[in-house]
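S.K.: Sequence:
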Amino acid sequence: MSMLRYIFGRYYLQVYRSLSNMRRLVDQLKLEASVERIKVSQAAAELQQYCLQNAAKDALLVGVPTGSNPFREPRSCNLF
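Anchor point for the sequence shown: position 18 equals 18 in the UniProt record's numbering, and the numbering is continuous, going up by one each time.
None of these hints come from the bench; they were simulated from the model. Accuracy of the hints is not assured; some may be wrong.
[To be verified] Distance windows between CB atoms, simulated: (1) L61 x R24: 41 to 47 angstroms; (2) C51 x N21: 38 to 44 angstroms; (3) V40 x Q14: 40 to 46 angstroms; (4) P70 x N21: 43 to 49 angstroms; (5) T66 x L31: 44 to 50 angstroms.
Built from N, CA and C at the ideal position, the CB exists for glycine as well.
Given the sequences, and given the hints that come with them, work out the whole structure.
M.R.: This is how it looks when you write it as C-alpha coordinates:
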(Lines of atoms letter the chains of each structure in order from A; the text may use other names.)
(Lines give C-alpha, C1' and ligand atoms only; values in the text may rest on other atoms or scores of the structure.)
Protein backbone atom coordinates (compact mmCIF):
# COMPACT_ATOMS: atom_id res chain seq x y z
CA MET A 1 0.00 0.00 0.00
CA SER A 2 2.79 2.44 0.81
CA MET A 3 4.34 1.90 -2.64
CA LEU A 4 1.01 2.82 -4.23
CA ARG A 5 0.87 5.99 -2.10
CA TYR A 6 4.41 6.84 -3.14
CA ILE A 7 3.63 6.39 -6.84
CA PHE A 8 0.34 8.27 -6.56
CA GLY A 9 2.04 11.04 -4.58
CA ARG A 10 4.72 11.48 -7.22
CA TYR A 11 2.11 11.47 -10.00
CA TYR A 12 0.01 14.01 -8.10
CA LEU A 13 3.03 16.29 -7.67
CA GLN A 14 3.80 16.11 -11.39
CA VAL A 15 0.19 16.94 -12.28
CA TYR A 16 0.11 19.77 -9.73
CA ARG A 17 3.38 21.22 -11.02
CA SER A 18 2.11 20.94 -14.57
CA LEU A 19 -1.15 22.70 -13.65
CA SER A 20 0.75 25.37 -11.78
CA ASN A 21 3.04 25.95 -14.76
CA MET A 22 0.08 26.09 -17.13
CA ARG A 23 -1.67 28.65 -14.92
CA ARG A 24 1.48 30.79 -14.87
CA LEU A 25 1.73 30.48 -18.64
CA VAL A 26 -1.92 31.49 -19.10
CA ASP A 27 -1.45 34.48 -16.78
CA GLN A 28 1.65 35.55 -18.74
CA LEU A 29 -0.17 35.20 -22.06
CA LYS A 30 -3.11 37.24 -20.74
CA LEU A 31 -0.67 39.95 -19.65
CA GLU A 32 1.05 40.00 -23.04
CA ALA A 33 -2.29 40.07 -24.86
CA SER A 34 -3.38 43.12 -22.85
CA VAL A 35 -0.33 45.18 -23.84
CA GLU A 36 -1.24 47.99 -26.24
CA ARG A 37 0.52 47.53 -29.54
CA ILE A 38 1.47 50.07 -32.18
CA LYS A 39 2.69 49.63 -35.73
CA VAL A 40 6.44 49.45 -36.30
CA SER A 41 6.28 52.40 -38.68
CA GLN A 42 4.65 54.52 -35.97
CA ALA A 43 7.21 53.44 -33.36
CA ALA A 44 10.06 54.21 -35.77
CA ALA A 45 8.66 57.66 -36.53
CA GLU A 46 8.28 58.43 -32.81
CA LEU A 47 11.80 57.22 -32.10
CA GLN A 48 13.22 59.34 -34.91
CA GLN A 49 11.34 62.40 -33.64
CA TYR A 50 12.62 61.80 -30.09
CA CYS A 51 16.20 61.48 -31.33
CA LEU A 52 15.96 64.69 -33.34
CA GLN A 53 14.44 66.59 -30.40
CA ASN A 54 17.15 65.46 -27.99
CA ALA A 55 20.17 65.54 -30.31
CA ALA A 56 21.49 68.75 -28.74
CA LYS A 57 21.71 67.03 -25.33
CA ASP A 58 23.41 63.86 -26.60
CA ALA A 59 27.06 63.75 -25.49
CA LEU A 60 27.93 61.30 -28.26
CA LEU A 61 26.78 63.80 -30.90
CA VAL A 62 27.91 67.13 -29.46
CA GLY A 63 30.83 65.98 -27.35
CA VAL A 64 31.63 66.59 -23.70
CA PRO A 65 33.11 69.92 -22.60
CA THR A 66 36.69 69.36 -21.43
CA GLY A 67 36.11 71.10 -18.10
CA SER A 68 33.24 68.82 -17.08
CA ASN A 69 34.47 65.53 -18.53
CA PRO A 70 34.51 62.96 -15.70
CA PHE A 71 36.54 60.54 -17.86
CA ARG A 72 39.51 62.81 -18.56
CA GLU A 73 42.95 61.83 -17.34
CA PRO A 74 43.63 63.17 -13.85
CA ARG A 75 46.21 65.92 -13.64
CA SER A 76 49.40 65.23 -11.77
CA CYS A 77 50.16 67.32 -8.75
CA ASN A 78 53.71 68.76 -8.53
CA LEU A 79 54.63 70.31 -5.23
CA PHE A 80 58.25 71.10 -6.11
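S.K.: Can you name, in rising order, the numbers of the hints this structure does not satisfy?
M.R.: Violated hints: none at all, because every hint is consistent with the structure.
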